[in-house]
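2 protein chains.
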Amino acid sequence: MNSFRGGTGGRDSLRQVSTEPADAQVRTIRVGLLGCGTVGGALVEMLGERGDDIEARTGIRLEIGAIAVRSASKNRGSGLSGDLLTTDARAVVADPDIDVIVEVIGGIEPARELILAALANRKPVITANKELLANCGQELADAAAAARTDLLFEAAAAAAIPIIRPLRESLLGEDVSRVMGIVNGTTNYILTQMTELGADYADALTEAQNLGYAERDPTADVEGYDAGAKAAIMASIAFGAKVAAGDVYHEGISNISAADIAFANRLGYQIKLLAIAERFETESGSGASEYEIGVRVHPAMVANEHPLASVRGSFNAVFVEGADAGELMFYGRGAGGRPTASAVLGDLIDAAGNKIRETYHPVPGGPAVPIRPIDDQSSAYYLNLEVADAPGVLAEVAGVFGAHEVSIRSMEQEGLGDEARLVFVTHEATERDIQSTLADLAALDAVHGVGTMLRVIS
Amino acid sequence: MNSFRGGTGGRDSLRQVSTEPADAQVRTIRVGLLGCGTVGGALVEMLGERGDDIEARTGIRLEIGAIAVRSASKNRGSGLSGDLLTTDARAVVADPDIDVIVEVIGGIEPARELILAALANRKPVITANKELLANCGQELADAAAAARTDLLFEAAAAAAIPIIRPLRESLLGEDVSRVMGIVNGTTNYILTQMTELGADYADALTEAQNLGYAERDPTADVEGYDAGAKAAIMASIAFGAKVAAGDVYHEGISNISAADIAFANRLGYQIKLLAIAERFETESGSGASEYEIGVRVHPAMVANEHPLASVRGSFNAVFVEGADAGELMFYGRGAGGRPTASAVLGDLIDAAGNKIRETYHPVPGGPAVPIRPIDDQSSAYYLNLEVADAPGVLAEVAGVFGAHEVSIRSMEQEGLGDEARLVFVTHEATERDIQSTLADLAALDAVHGVGTMLRVIS
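Chains as they are written, first to last, in our numbering: chain X, 1 to 458; chain Y, 1001 to 1458.
No lab work stands behind these hints: they were computed from the structure.
Just so we're clear, the structure is a prediction, and the values are computed from it rather than from any experiment.
Careful, some of the hints might be misleading.
[To be verified] Simulated pairs of lysine-lysine, DSSO-like, Cα-Cα distance not exceeding 30 Å:
(1) LYS1355/Y <-> LYS1242/Y
(2) LYS355/X <-> LYS242/X
(3) LYS242/X <-> LYS1355/Y
(4) LYS355/X <-> LYS1242/Y
(5) LYS355/X <-> LYS1355/Y
Based on the sequences and whatever the hints tell you, model everything.
Here it is in structure tokens:
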């Protein structure tokens, strides 16, 4: 196979350069790229633009050795030699002249099979594939550990925002209790438009689709599946737990109305779709600390003073709480070709350096930790009821909360002709208790409608 | 020397544990701690609390082998064996039973000499010493490179906020144009109190001193020296440049009045003390890109919509702009014993793992880049003049701006009895031009007073 940048000779070639890397020798690392869509194409461009700078800073020449695509005949833009393109991805991962694999095909198969083959050949793998990691992450991590090579995936959680490396390295000694993020730009854009322009959900979605922020079929974004996959990845890394996409409880934003947002704003909150991974300490019989993990995605009311409340438009942010580090937040672009490729490139340089130094980043282990069902997780809640405007109704409603031991933090009443709207914010209660409360409230004759229920984050 | 945690036998001892690290073998790494003040003490406590968790996740047992202190007789709190304490720091860095050195003494000497000795002995070093790194960073980096061992200092830039590792690893392939941070909690606390309570500078400083956020002699914080040291470190890492504390232009916040803050707020800005490291592309004769670096610390007006504007109280944040990653922000606790120790612990686990795998993180190189003097750097500016309330004054004032080719973006006039206040925001201009403009304005008879000049960030 020809190399993308010619003239450097064979594998492991060393050549002198006039700039001054640490040991004045440049090592060439040949990259096998699987997939050349938005992210892969951006990566190829960036390697063309920055290859010399990267070489000057690291002593590593990153060279595209092969690009596996579905159709080799498509025009892939200028600067890309046709000789590099192949439709035989299996040959790329098996090629002894390829040192590192970058997987940006997406989806489960054939990505899974190709990554496993690459790892079995002791080739480090960089992937941006959140769906694959959220479903088969443990299998891939085990394969990387067995091969003692790198499996890096910074781009899979929040694209350009460095969150995996900080969680996996900087915070490895920290007692992290909660990781909470706005990790889907489409829904944050929609909610921001609804908040700032008073737009309806349907109109904001249509605009997001017209701008290319949302897909024609927006289900994966608006129903929280995309955020759920990222939540599973972040929970696995933050807590060393084995969390898969199926373990994540999720609700989307399609039920949120302009009225809900206006109410939230009036009470001092922003509505955000949050991915939350939380660690709960439990008392074991022996008195030793044991843990459970809760992982969920749902819209939430976030207090205006909270750093996540000011994350607007298509920006993402991940908020981390640690016993000693305190509150941390990582903010930036969580999607897009170039931001995603930027994270892939950081991982690629890292893996290339490790390959040259014959080392790798071991994946931190952790004991198997049970997943706590959503019913047993606690939160404060916002509830919104339409009730008959008659004496005794509030007492009856309050009685239902009391019967389920849900304590009311604040209540606001508003006249609506011959009806009234009651807006409640509760103290912490379990999901089970709030759901029973809602069911009993809906059964009351005086309650004409039960509006959106939202968890409250302060 | 006795070890902090007994019973594990000699150096390099391996023992089986019931949890499941990757290869079911635990390696012990002995830590030599230089200094046991707030940060060192917190680190010792955290190793006591988390040692088992860290071992379960990494297979590494971190053991304090020796603690060098100035006075061994002081009570260092419970859990700390007196046998570990020594006043002979040189013996600790020379001790073949010590694998890794953590330096939290602070100041230039003896910290510099001890770190160089440790690196010469091929012991990885973790330091939180911003003063030393800002003044002698290049010497230490060269020594680490020569010894092919780790010199890690996440804690030195913004304590618990992971910023060095993301800049050095995640963003190594990124074209970073600017790093801009609120990196001093004392001044941000003072400015927040002035903003939210309308407090005077002197009162806010006194309160910060009473709460322990500011020193009795607050000069290092309020005049920007502390932020300047951090700016030098971040510039060096972000741009691979050799920037020392002396290269940093700095102004502090002691001139900022409650009136300046009220004006800024009215115009839609917050006043923040910013540390800014910027890379400027210059045209070389050959047409190739060349660069200059500008590093400066000064108060600035930050537009309310900017993510840095909402960083309140003693919190810190670093905002990074990259060509492809886009805008990133890292937010958290930039000071304090436990937050700083948390960052040290992350580095310590990293260095211990590298030591075991016989590898290290090479320091990215970079060409020598000239420092651009402050006079040649550009910004938008806010100016505030007290002038005679008479016809023709505005024309005269505007003429001075024009003579220096400083273009006015907005002007606001306010009556003050028989005087008027003119508030200007300019378009981008060089510092040299704005300073000449200010000098000429001050010389006008109609100008009775020139108020605070502030750079404007949008």
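**Prompt:** Can you name, in rising order, the numbers of the hints this structure does not satisfy?
**Reply:** Per hint list: zero violations.
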